[in-house]
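Enquirer: Each chain, written out:
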Amino acid sequence: MRKVRGLEAREATPWSLVGVVVLILLYGIPLLWLVVTSLKDNRAIFANPGSIIFTPTFHAYAEIAQGGTLGQAALNSAIISIGTTLLTIGIGIPTAYGLDRSRGTFLTVGLGVLVLLQMIPQTATIIPLYRVLGAWRLLGTLPGVILADTALFLPFTVLVLRPFVGGLPRAIEEAASIDGASTWTTFIRIIVPLMSNGIATAASLVFILSWGEFLYAISILTNPATYPISALISQQISAYGTSWSGLMALAVVGSLPILLVFVVAQRRLASGLSLGAVK
Amino acid sequence: MISMSGSPAQRKAGGVGSARKSGRRNVYPIFVLPAAVFLVLLALYPFLNLIWMSLSDVSAVNIVRGGWPFVGFKNFDRLFHLSDFILSFRNTLIFVVIVVFVGMLGGLGAATLLQTKGKFPAVALGLMVFTWAMPPVVLGSLWKFLLLPGGLVNSIIRLMHLYPKGPLWLVQENLVLISVALVNSWAVVPFSALVYRAALVDIPIELLDAASVDGASKYQRFLLVKLPLLMPITLILTVLTVVYAFRSFDFIYVMTYGGPGVASTTLPFLSYRLSFINYKYALGAGVAVFTVLVVFVLAFVYVRATRRTEGM
Numbered sequence: 001m002r003k004v005r006g007l008e009a010r011e012a013t014p015w016s017l018v019g020v021v022v023l024i025l026l027y028g029i030p031l032l033w034l035v036v037t038s039l040k041d042n043r044a045i046f047a048n049p050g051s052i053i054f055t056p057t058f059h060a061y062a063e064i065a066q067g068g069t070l071g072q073a074a075l076n077s078a079i080i081s082i083g084t085t086l087l088t089i090g091i092g093i094p095t096a097y098g099l100d101r102s103r104g105t106f107l108t109v110g111l112g113v114l115v116l117l118q119m120i121p122q123t124a125t126i127i128p129l130y131r132v133l134g135a136w137r138l139l140g141t142l143p144g145v146i147l148a149d150t151a152l153f154l155p156f157t158v159l160v161l162r163p164f165v166g167g168l169p170r171a172i173e174e175a176a177s178i179d180g181a182s183t184w185t186t187f188i189r190i191i192v193p194l195m196s197n198g199i200a201t202a203a204s205l206v207f208i209l210s211w212g213e214f215l216y217a218i219s220i221l222t223n224p225a226t227y228p229i230s231a232l233i234s235q236q237i238s239a240y241g242t243s244w245s246g247l248m249a250l251a252v253v254g255s256l257p258i259l260l261v262f263v264v265a266q267r268r269l270a271s272g273l274s275l276g277a278v279k
Numbered sequence: 001m002i003s004m005s006g007s008p009a010q011r012k013a014g015g016v017g018s019a020r021k022s023g024r025r026n027v028y029p030i031f032v033l034p035a036a037v038f039l040v041l042l043a044l045y046p047f048l049n050l051i052w053m054s055l056s057d058v059s060a061v062n063i064v065r066g067g068w069p070f071v072g073f074k075n076f077d078r079l080f081h082l083s084d085f086i087l088s089f090r091n092t093l094i095f096v097v098i099v100v101f102v103g104m105l106g107g108l109g110a111a112t113l114l115q116t117k118g119k120f121p122a123v124a125l126g127l128m129v130f131t132w133a134m135p136p137v138v139l140g141s142l143w144k145f146l147l148l149p150g151g152l153v154n155s156i157i158r159l160m161h162l163y164p165k166g167p168l169w170l171v172q173e174n175l176v177l178i179s180v181a182l183v184n185s186w187a188v189v190p191f192s193a194l195v196y197r198a199a200l201v202d203i204p205i206e207l208l209d210a211a212s213v214d215g216a217s218k219y220q221r222f223l224l225v226k227l228p229l230l231m232p233i234t235l236i237l238t239v240l241t242v243v244y245a246f247r248s249f250d251f252i253y254v255m256t257y258g259g260p261g262v263a264s265t266t267l268p269f270l271s272y273r274l275s276f277i278n279y280k281y282a283l284g285a286g287v288a289v290f291t292v293l294v295v296f297v298l299a300f301v302y303v304r305a306t307r308r309t310e311g312m
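Residue numbers (my numbering), protein chains in the order written: chain A, 1 to 279; chain B, 1 to 312.
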């Protein structure tokens with residue numbers, strides 16, 4: 001049942017074509033509107049937010065680029081998401097390996113704990129986490145956010161990585177040990193390179209998730225100058241009234257790295273998504 | 001967890017009859033140690049702290065200092081009599097039902113459509129995966145804009161002469177929760193579509209061919225062959241979507257901030273509001289603990305469902 005790849009790529013019927021076009025409109029138009037609005041004048045938006053006829057202007061982009069806030073926020077986003085990705089993957093790989101190879105009760109309990117941890121709502125953990133980070137003097141710092149994000153995404157990462165270890169036959173370790181390699185050497189030299197596909201998948205997913213995370217950022221970072229772009233977007237709407245073109249320009253800029261990951265790893269994302277749990 | 005690759009049979013074969021099995025087994029848990037330490041400090045301890053908080057008298061005065069007086073279940077007793085809590089719980093249930101229903105049916109429909117040949121399905125798939133990858137704050141802000149009284153959605157409604165002015169999606173108290181839930185469903189459809197797509201791909205073509213030979217129509221093949229085979233994955237996906245919807249926060253925060261009034265406040269947002277806006281930490285913790293309990297019951301169902309499909 002698993003081995004037969006029965007992708008029934010059917011010929012398109014008129015009705016299925018209509019359905020697919022509806023999907024394209026449902027997911028394409030909002031994205032198109034995001035870009036269109038970022039190129040509009042605020043007055044034009046105020047007069048008619050739904051209009052398609054307008055003179056494009058890069059005014060909003062110039063506006064958000066002023067004062068260096070955007071550059072700083074982009075840098076903060078990069079530090080947080082790259083730091084979180086490295087730390088999460090670094091801890092996640094040995095964990096996935098150890099869990100899978102331990103088997104039995106250890107594996108079952110381990111997976112159960114990870115699933116449970118993954119399901120705790122983020123709002124439930126902020127306050128206690130706030131106290132822990134406070135005790136370590138990490139409040140208001142980017143490393144504090146990285147630690148919090150890592151704790152948030154680590155269970156998910158292990159759950160995504162584990163099947164990639166499971167796919168590797170145990171004969172690999174046996175052959176390596178006959179050749180005199182230690183468990184650790186086998187892991188570093190043989191297992192990790194063989195997991196590269198899974199690591200790339202998990203890393204893309206964690207990067208995407210941590211790039212979009214904002215709740216920990218706004219709670220842990222006390223100074224808005226240290227906010228990542230996602231936090232900036234979340235605040236602009238609730239606090240400073242609304243410059244829609246500015247907000248949409250910020251959203252476009254904030255989505256560019258995601259576009260990059262998407263272009264590089266689209267297929268991985270599609271398969272990784274169905275492997276892992278839920279966002 | 002919804003692993004479709006790495007067949008268990010293959011893994012078992014490697015382990016059986018291995019001379020070094022017993023010698024190596026004890027080593028493997030060490031690989032888990034860094035994660036265990038990390039999660040105990042930054043996930044488990046905070047969680048226990050949260051439970052402790054929900055059973056104590058915690059205010060802005062003693063939140064940092066600690067040494068909270070123990071009050072037992074007093075906070076929960078207060079919560080269960082709080083109208084905001086009851087409304088939020090009701091809102092959460094409505095929200096979850098909409099997201100699960102629309103998200104899963106939409107996902108199954110989209111997955112079926114994406115199986116057809118041609119360029120358009122590939123474009124649709126790409127757009128959907130990209131949408132999933134976008135930061136939720138961006139999607140939420142975008143939809144807040146599209147749903148403005150004179151926004152794009154209402155412009156289209158006016159254009160089609162469906163409704164004179166178009167509804168006030170995020171302003172009307174009887175509509176706001178549904179609006180946010182629908183946007184959330186829109187955001188979750190790509191995920192369920194991909195999961196269903198992977199499951200559809202796994203259905204052996206011989207089965208479908210055999211059904212055709214026996215004279216089954218397209219709809220019969222869908223109803224009698226595909227749908228039963230999709231049941232296990234549907235169960236897992238349902239639990240995942242329920243949990244996703246139950247803990248959903250980002251869209252509500254960005255689009256409505258729980259308002260107007262408490263019309264779009266769900267439990268996670270109520271927990272956030274009580275703690276960060278009203279500084280009623282103990283009550284906020286109580287809501288969080290209550291939410292986690294509900295989610296854990298669902299997680300239990302999930303683990304059992306996965307074990308059945310994975311044959312662990």
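Since the hints were made in silico from the structure, they are not lab data. Think of the CB as a built atom: it goes at the ideal place given N, C-alpha and C, for glycine as much as any other residue. There's no promise every hint is true.
[As the list claims (entries may be wrong)] Here are a few chain B residues that face chain A, going by a calculated C-beta distance under 10 Å:
| hint | residue |
| --- | --- |
| 1 | 46 |
| 2 | 130 |
| 3 | 148 |
| 4 | 167 |
| 5 | 247 |
Enquirer: All hints are to be evaluated individually against the structure, with a verdict given for each.
Expert: Here is how each hint holds up against the structure:
no.	hint	result
1	46	4 Å, holds
2	130	5 Å, holds
3	148	5 Å, holds
4	167	14 Å, violated
5	247	4 Å, holds
In the structure shown, a violation is registered for the earlier hint numbered 4 alone.
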